[in-house]
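There are 2 protein chains.
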Amino acid sequence: MPDTHAHIVKQFEEELRLIKEKVLRLGGLVEEGIANSIKALVERDTQLAERTIENDHVINGLEVEIDELCLKVLALRQPAASDLRLITTAIKIITDLERIGDMAVNVCERVLELNEESPLKPYIDIPRMALAAQRMLKESLDAFVNGDTDLATKVLVEDDFVDELNRQIFRELLTFMMEDPNTISRAMKILFISKYLERIADHATNIAEIVVFMVKGKVIRHTKPQQESY
Amino acid sequence: MPDTHAHIVKQFEEELRLIKEKVLRLGGLVEEGIANSIKALVERDTQLAERTIENDHVINGLEVEIDELCLKVLALRQPAASDLRLITTAIKIITDLERIGDMAVNVCERVLELNEESPLKPYIDIPRMALAAQRMLKESLDAFVNGDTDLATKVLVEDDFVDELNRQIFRELLTFMMEDPNTISRAMKILFISKYLERIADHATNIAEIVVFMVKGKVIRHTKPQQESY
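Keeping their order, the protein sequence lines are chains A and B.
The first sequence maps to residues -2 to 227 in our numbering.
The second sequence maps to residues -2 to 227 in our numbering.
Since the hints were made in silico from the structure, they are not lab data.
A few of these clues could be false.
In this list, chains with the same sequence are indistinguishable; a pair is considered to hold if it fits within one copy or across any two.
[Unchecked claim] Pairs of lysine-lysine, BS3-like flavour, derived with a Cα cap of 30 Å:
#	residue 1	residue 2
1	K36	K213
2	K17	K89
3	K69	K186
4	K118	K89
5	K213	K135
6	K69	K118
7	K19	K118
8	K213	K186
9	K89	K36
10	K118	K213
11	K135	K89
12	K7	K36
13	K19	K135
14	K213	K17
15	K118	K7
16	K186	K19
17	K7	K151
18	K36	K69
19	K118	K17
20	K186	K7
21	K151	K118
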């Protein structure tokens, strides 16, 4: 096909579509990583934890691939205005996604350690927190591909719920540790898992904030500082 | 002056210089934030902690300013190859810098809480860890502006030292908690501060990895996964 203007426009649209599609695929892999890490925790499944750690390289590989694709499109097409912002937003979002993948790996590492000791207590709030974080992640990416600021704003509100769960888990584990110092080592590991999930929710919040900035050109990040409230 | 080609090239060079300069200025502010948060911890200086929290909006404002500048230069100049990569690298780096700023705020929040209780122990390893993290930050940004991959690689090695200090602090505080449950609440807060510093070092490592990628086009991130070793 000749390199007519219409053809170039069509190619460019196809490239933007491909970027969005790959970001969603990366998001899907990351979401699966979170789900598996929590399944491995609840079911004390050492093999699943190990497999999830191994699979992280697929996430990392796809992040690099999208990064390269974005650079290529920037260089070849020299987009302006909203297309430019879409691509630079994608470049930022995939960094958050890759780090969420790292958090799932961290959960799995703690699971491997916890599986060498006897169980401390059944997990109730941690799976709830993980589900909330996964939903936030999914919504923030849907907001990205659809330029949906309402959905992005919803994510910011949900982050408060995750923070509250994290505080609740912290208080409960503190009580365990105070009452029986033998639980300290295990309680700390569970506490770290709770922190990893809180950070996953923070990354989803970051994505949602970047999306609002992409669409409205308005900075909503930093208006409410991300408080670490252990 | 007429908009000759030479003039445009000169303007573009000036813009690239400005981006680098602003990234360094942002880095300086962030470094100061870390230093002040640890000074506030060691000297139990509540006012300094509060002032550092307040000053975070300057960091956030400068990040947004650089982000806008990068987008503007991308749209106006449509740079190729290494210039393009420099700008997209800057876009990524400032996200890490802004989040390091948030970590310093988190340190200060824990300081405010710790100052309401009696001191647990003198701080020795935490200031050492903070100094190492600050040095890593400075080196990673120098590596960015000079395209210096040797310096960037040095940062990766230094991260191991910070991780080791973090593990050491963890073990020591665990002993405190085991021996006297009354120390648990304070020890946890100090432990979180140690984690924040470890995350600052991780962000500096991320910056260094991105710089190597910028210069060599070679991915060195993810070859050694960033292990959370509490």
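Results for each hint:
1. K36 - K213: neither (38 Å within a copy, 39 Å between copies)
2. K17 - K89: both (13 Å within a copy, 19 Å between copies)
3. K69 - K186: Cα proximity of K69 and K186: none, with 42 Å in one copy and 45 Å across.
4. K118 - K89: So K118 and K89 fail the 30 Å test inside a copy (38 Å) and across (41 Å) alike.
5. K213 - K135: Result: close within a single copy only, 21 Å intra versus 34 Å inter.
6. K69 - K118: neither (51 Å within a copy, 54 Å between copies)
7. K19 - K118: neither (39 Å within a copy, 50 Å between copies)
8. K213 - K186: neither (41 Å within a copy, 38 Å between copies)
9. K89 - K36: Within one copy only: 29 Å inside, 33 Å across.
10. K118 - K213: Intra 46 Å, inter 49 Å, cutoff 30 Å: neither.
11. K135 - K89: Answer is both: 16 Å inside a copy and 22 Å across each meet the 30 Å cutoff.
12. K7 - K36: Neither: 43 Å inside a chain and 57 Å across chains, both beyond 30 Å.
13. K19 - K135: Result: close within a single copy only, 14 Å intra versus 34 Å inter.
14. K213 - K17: both (19 Å within a copy, 27 Å between copies)
15. K118 - K7: neither (57 Å within a copy, 66 Å between copies)
16. K186 - K19: neither (34 Å within a copy, 40 Å between copies)
17. K7 - K151: neither (33 Å within a copy, 45 Å between copies)
18. K36 - K69: Result: close neither inside a copy nor across copies, 38 Å intra and 45 Å inter.
19. K118 - K17: Neither, since 41 Å and 51 Å both go past 30 Å.
20. K186 - K7: neither (51 Å within a copy, 55 Å between copies)
21. K151 - K118: Classified as neither; 32 Å inside a copy, 43 Å across copies.
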